[in-house]
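> Whole structure, please, built from the sequences with the hints as guidance.
All residue numbers for the sequence shown refer to this note's numbering, where the first residue is 1 and numbers rise by one.
Quick caveat, the hints were computed from the structure, so don't treat them as lab data.
Be aware that one or more of the hints could be misleading.
[What the hints assert, rightly or not] Cβ-Cβ distance ranges computed for the label pairs, FRET-style:
hint : residue 1 : residue 2 : range
1    : GLU132    : GLU24     : 31 to 37 Å
2    : LEU60     : ARG34     : 17 to 23 Å
3    : ILE126    : ARG34     : 48 to 54 Å
4    : VAL122    : ARG81     : 18 to 24 Å
By construction, the Cβ of each residue, glycine as well, lies at the ideal position given by its N, Cα and C atoms.
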Amino acid sequence: MRISDILRVKGGQVVTVNPDATTERLLSVLAEHRIGAAVVSRDGVVVDGIVSERDVVRALAARGATVLTEPVSAIATAQVRTVTPDARLEDVERLMTERRFRHVPVVVDGVLRGVVSIGDVVKNRIDELETERSELAGYITGER
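Written out as structure tokens, the structure reads:
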């Protein structure tokens with residue numbers, strides 16, 4: 001399976017936040033969209049960074065509530081690992097596990113095309129297991 005298969009199901013909509021937006025604004029965006037991370041982008045096309053709930057928590061623990069008025073760029077990860085739609089799902093799973101990422105932007109020729117989350121990966125695995133279970137049940141009952 002490829003990342004393009006995941007995006008085909010979930011769509012390519014990506015929530016972005018401007019690097020100059022405050023962390024407080026970021027939290028509103030995350031809550032509004034019920035997501036755990038947003039891509040940092042000046043234009044909604046190029047990935048300038050990524051920022052997650054974990055980044056906010058770490059910054060709050062280190063610097064206190066003043067983080068809420070700071071720009072997102074102060075807490076975002078600037079060196080972002082991205083993947084292409086052609087990437088194999090297994091490779092992305094390995095990347096997420098080894099690097100402890102929960103969100104990976106999908107980019108084609110420098111243009112943001114989507115985001116794959118660990119939730120997307122888990123949902124895909126559950127769907128695969130349910131399909132296998134249904135097929136196995138069909139064989140056992142003689143329906144296949």
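> Against each hint, give a clear statement of whether it holds in the structure.
Hint check results:
1. A hinted range of 31 to 37 Å is violated for the C-beta pair GLU132 and GLU24, which are about 45 Å apart.
2. For the hinted restraint 17 to 23 Å between LEU60 and ARG34, the CB-CB distance of approximately 20 Å keeps it satisfied.
3. In this structure the supplied range 48 to 54 Å is violated for ILE126 paired with ARG34, their Cβ-Cβ distance being about 19 Å.
4. The hint said 18 to 24 Å for the Cβ distance between VAL122 and ARG81, and at roughly 19 Å that hint holds.
Figure legend: structure checked against the earlier numbered hints; hints not met, in rising order: 1, 3.
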